[in-house]
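This is what each chain is made of:
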Amino acid sequence: MGNPQADIVHHLMASYREIGGINHFGSGDLPAKGTVAQWCEDLLQLLFPGFFAQGAISADQLEAVTASRVESLAGRLRMELQRVLRLDPKQETSEARVQSLVDEFLLQLPAVRQLLRSDVQAAFDGDPAARSFEEIILAYPGLEAIAIQRSAHLLHKAGVPLLPRMMTEWVHGRTGIDIHPGAEIGSHFFIDHGTGVVIGETCRIGSHVKLYQGVGLVAKSLAAGQALSGTKRHPTIEDHVTIYAGATIVGGDTVIGARSVIGANVFLMQSVAPDMVYALGDQEHRIRDRQSRSGKPAQKP
Amino acid sequence: MGNPQADIVHHLMASYREIGGINHFGSGDLPAKGTVAQWCEDLLQLLFPGFFAQGAISADQLEAVTASRVESLAGRLRMELQRVLRLDPKQETSEARVQSLVDEFLLQLPAVRQLLRSDVQAAFDGDPAARSFEEIILAYPGLEAIAIQRSAHLLHKAGVPLLPRMMTEWVHGRTGIDIHPGAEIGSHFFIDHGTGVVIGETCRIGSHVKLYQGVGLVAKSLAAGQALSGTKRHPTIEDHVTIYAGATIVGGDTVIGARSVIGANVFLMQSVAPDMVYALGDQEHRIRDRQSRSGKPAQKP
Amino acid sequence: MGNPQADIVHHLMASYREIGGINHFGSGDLPAKGTVAQWCEDLLQLLFPGFFAQGAISADQLEAVTASRVESLAGRLRMELQRVLRLDPKQETSEARVQSLVDEFLLQLPAVRQLLRSDVQAAFDGDPAARSFEEIILAYPGLEAIAIQRSAHLLHKAGVPLLPRMMTEWVHGRTGIDIHPGAEIGSHFFIDHGTGVVIGETCRIGSHVKLYQGVGLVAKSLAAGQALSGTKRHPTIEDHVTIYAGATIVGGDTVIGARSVIGANVFLMQSVAPDMVYALGDQEHRIRDRQSRSGKPAQKP
Chain A
0 MGNPQADIVH
10 HLMASYREIG
20 GINHFGSGDL
30 PAKGTVAQWC
40 EDLLQLLFPG
50 FFAQGAISAD
60 QLEAVTASRV
70 ESLAGRLRME
80 LQRVLRLDPK
90 QETSEARVQS
100 LVDEFLLQLP
110 AVRQLLRSDV
120 QAAFDGDPAA
130 RSFEEIILAY
140 PGLEAIAIQR
150 SAHLLHKAGV
160 PLLPRMMTEW
170 VHGRTGIDIH
180 PGAEIGSHFF
190 IDHGTGVVIG
200 ETCRIGSHVK
210 LYQGVGLVAK
220 SLAAGQALSG
230 TKRHPTIEDH
240 VTIYAGATIV
250 GGDTVIGARS
260 VIGANVFLMQ
270 SVAPDMVYAL
280 GDQEHRIRDR
290 QSRSGKPAQK
300 P
Chain B
0 MGNPQADIVH
10 HLMASYREIG
20 GINHFGSGDL
30 PAKGTVAQWC
40 EDLLQLLFPG
50 FFAQGAISAD
60 QLEAVTASRV
70 ESLAGRLRME
80 LQRVLRLDPK
90 QETSEARVQS
100 LVDEFLLQLP
110 AVRQLLRSDV
120 QAAFDGDPAA
130 RSFEEIILAY
140 PGLEAIAIQR
150 SAHLLHKAGV
160 PLLPRMMTEW
170 VHGRTGIDIH
180 PGAEIGSHFF
190 IDHGTGVVIG
200 ETCRIGSHVK
210 LYQGVGLVAK
220 SLAAGQALSG
230 TKRHPTIEDH
240 VTIYAGATIV
250 GGDTVIGARS
260 VIGANVFLMQ
270 SVAPDMVYAL
280 GDQEHRIRDR
290 QSRSGKPAQK
300 P
Chain C
0 MGNPQADIVH
10 HLMASYREIG
20 GINHFGSGDL
30 PAKGTVAQWC
40 EDLLQLLFPG
50 FFAQGAISAD
60 QLEAVTASRV
70 ESLAGRLRME
80 LQRVLRLDPK
90 QETSEARVQS
100 LVDEFLLQLP
110 AVRQLLRSDV
120 QAAFDGDPAA
130 RSFEEIILAY
140 PGLEAIAIQR
150 SAHLLHKAGV
160 PLLPRMMTEW
170 VHGRTGIDIH
180 PGAEIGSHFF
190 IDHGTGVVIG
200 ETCRIGSHVK
210 LYQGVGLVAK
220 SLAAGQALSG
230 TKRHPTIEDH
240 VTIYAGATIV
250 GGDTVIGARS
260 VIGANVFLMQ
270 SVAPDMVYAL
280 GDQEHRIRDR
290 QSRSGKPAQK
300 P
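Chains as they are written, first to last, in numbering that gives the first Met the number 0: chain A, 0 to 300; chain B, 0 to 300; chain C, 0 to 300.
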């Protein structure tokens, strides 16, 4: 060990040769978390002009600013698409396909904006603490999460691998809200607080749905792993449903009927009919004086 | 579609004209997440001198460094206040009011420091894994969250819109701890781990209160939305209460009495007297051998 | 108040003198969150070459790139170690000790890579939504959390204070997953989604263990605080155990036996034998039509 640093490099090189699957070299760039993050931030500026930027935009400048943002976003999306399509041998990677993916994505952004407008309205209507639309756009993590998911969902539907997941994972890291790009979500969607929310790949969610922090819409028999790939594994939530904090709803055949309300901490593996309230009943609690040692069980008073 | 990029810009401009409420241009700067984030980081340096900075400060330099930090923070707070006050037509936006908001905020920081000193002590006393005060300041997300909330609370009480929420949302993104700037919180406050904690706008929390991850202190009838704005909707927690992980306490009339302990995963919509332990009773569990298919219900052994 | 800014500085200086324990000056640098964050990002590049970097690495360049990364990481680790060892009067801070800590840490990275390879495999096998190893490395927060924890655990075992906790807290902030550097974790470890997971300092976890979001492996009698420092306070999880979302397992004597499955939202303070399924039984629910006001309790249908 005359030169520990040389030994370290030597052992690492041996490890890079011998342990496969977690190295990537000699075959072109991967998308990097940093560039995907920057791309998502710029996408938010295009979706909410005047927000998420450092300086004001005058009405005169708007068209020029928009044209320059579109050009820049398109160029970087083209580059990320080339990186991710190359990773999957089944993908067509021609210049023409990449360009048409880019164009189609950007042409759908006005439709995404229409949905996001409905999401801002739903947050304002649903939260007595909300003071203004500006507050919702600048300080509600749920809005950031759904803005990125709605965008990533377009790329997911177009068959783009990896990049949509990196986008939703970027916003998961910022907000604690993990929505798979595969999930189909209707208008007027509102997640309050949001930390710990998980929405699985094959969820279908109607319009005017409201979720609180810690809600999981997850898969049933996770033990089966890759064998379940591609099947509907996550719940269906119909229109105007509200699900309170910490509720977990499981399984691909589980349907929460329209206008139903699911209480906090409920764990559900079956469907609920429309127009129901489904909450925890009186749980048995152990209530005792801190001085006593006995701790008799007691019904919740 | 001879020029898809021109089409994209054209459709976006139409969207910006037609879909209102999620655009902001032609009317001055908004506060930006980036500048609020930087301002919060600098505020932490002023609150904990020598921490959160890249280099050491000698005792001689401290006064000069402090003066320069105060000047820089004051200038940037003035700018952010001008931005947010302009958004609300009911606000007085004169130079004199802005300056007095800035001065009063900064003059209260020594009192904030006194509270934060008590919070560090509470974390050290409450967590056997804590090795030193330095560890708590540098590696406990709960301390960062309460430092920003205590500061944002001053601006919230002074009637400043939006900015206090952007501050607490910045630290929510970093820590998973969501404390509304409106919440009133006593001394010696300790949140351990903290991810998923939600503390609502009208909570009142006494001194020596300890919360674990996933605790929600939330509102009851959230369905009523904006109609409830301004009413007391969130619980009151008296002195020396401990609330374990995942417990949810609901409603503006709910009071947890002094020195009581609330167990993990408890869901509570009623008050608890002082000096009680309130925990989940023996829940019915379904316990079976993995080989068997029957799955008889069984009491927890 | 002729000069409020001078008053502010004056009061802050008084506060810095009078309120001890939350200031640090005149005694050398502390580790800073920013430099620890950058160091962790660079460590991930060394562990997963070709990932986490902006540009591609050709096979020819790999050895030179690795040597330069090792040199840079070693230099910065030396600096961070000097900072943290100085904080603890019981630590030996000689140049020789620091150098040997650095060398030993880096020489163990190939063994860490072997474990991380098994973790990537476990994620791929366990999640039907996973499409490729690249997706797991680039978009699964659980992998980032365990990569940093496995590295921080080496420094923790070597007796380094503070720095290991700052590393795991950095990744906690990014992922919502809080694993103490003291926890001992076997191979093929998979955390899905992960937000809200807490794994305490004295946990022992076997191989092929799978955890979902919100799982807590926590201490029992937290009220005792510092008196419990150093004792085994957190559970033992044997090989091939799966623990579903939101389950909380408490206490240092609690052992979850090999191949057992713990259901979602279960709260457990006792051991479970091997090969068991331990889930919530039929909870009583309160189910009613939204129109009715009565709300009769009902068994889950």
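In short, the hints are calculated from the structure, not lab data. It should be emphasised that the depicted structure is a prediction, and the values quoted were computed from it without experimental measurement. A few of these clues could be false.
Same chains, same names: a pair is fine if it fits in one copy or spans any two.
In silico lysine to aspartate or glutamate, DMTMM-like type, Cα no more than 25 Å apart, as pairs [stated by the list, open to error]:
id : residue 1 : residue 2
1  : K89       : D124
2  : K219      : D124
3  : K219      : D238
4  : K89       : D59
5  : K156      : D6
Status of each hint after checking the structure:
With identical chains, the CA atoms of K89 and D124 are at most 25 Å apart between copies only, with a shortest distance of 21 Å across copies and 46 Å within one. In the homo-oligomer, the alpha carbons of K219 and D124 lie at most 25 Å apart only across protomers (16 Å), although the nearest pairing inside one protomer, at 33 Å, exceeds that limit. Proximity of K219 to D238 under the C-alpha cut-off of 25 Å is found in both arrangements, the shortest distances being 22 Å within a copy and 22 Å between copies. In the homo-oligomer, the alpha carbons of K89 and D59 never lie at most 25 Å apart, since the shortest distance is 46 Å inside one protomer and 28 Å across protomers.
Proximity of K156 to D6 under the C-alpha cut-off of 25 Å is restricted to the inter-copy arrangement: shortest distance 22 Å between copies versus 48 Å within a copy.
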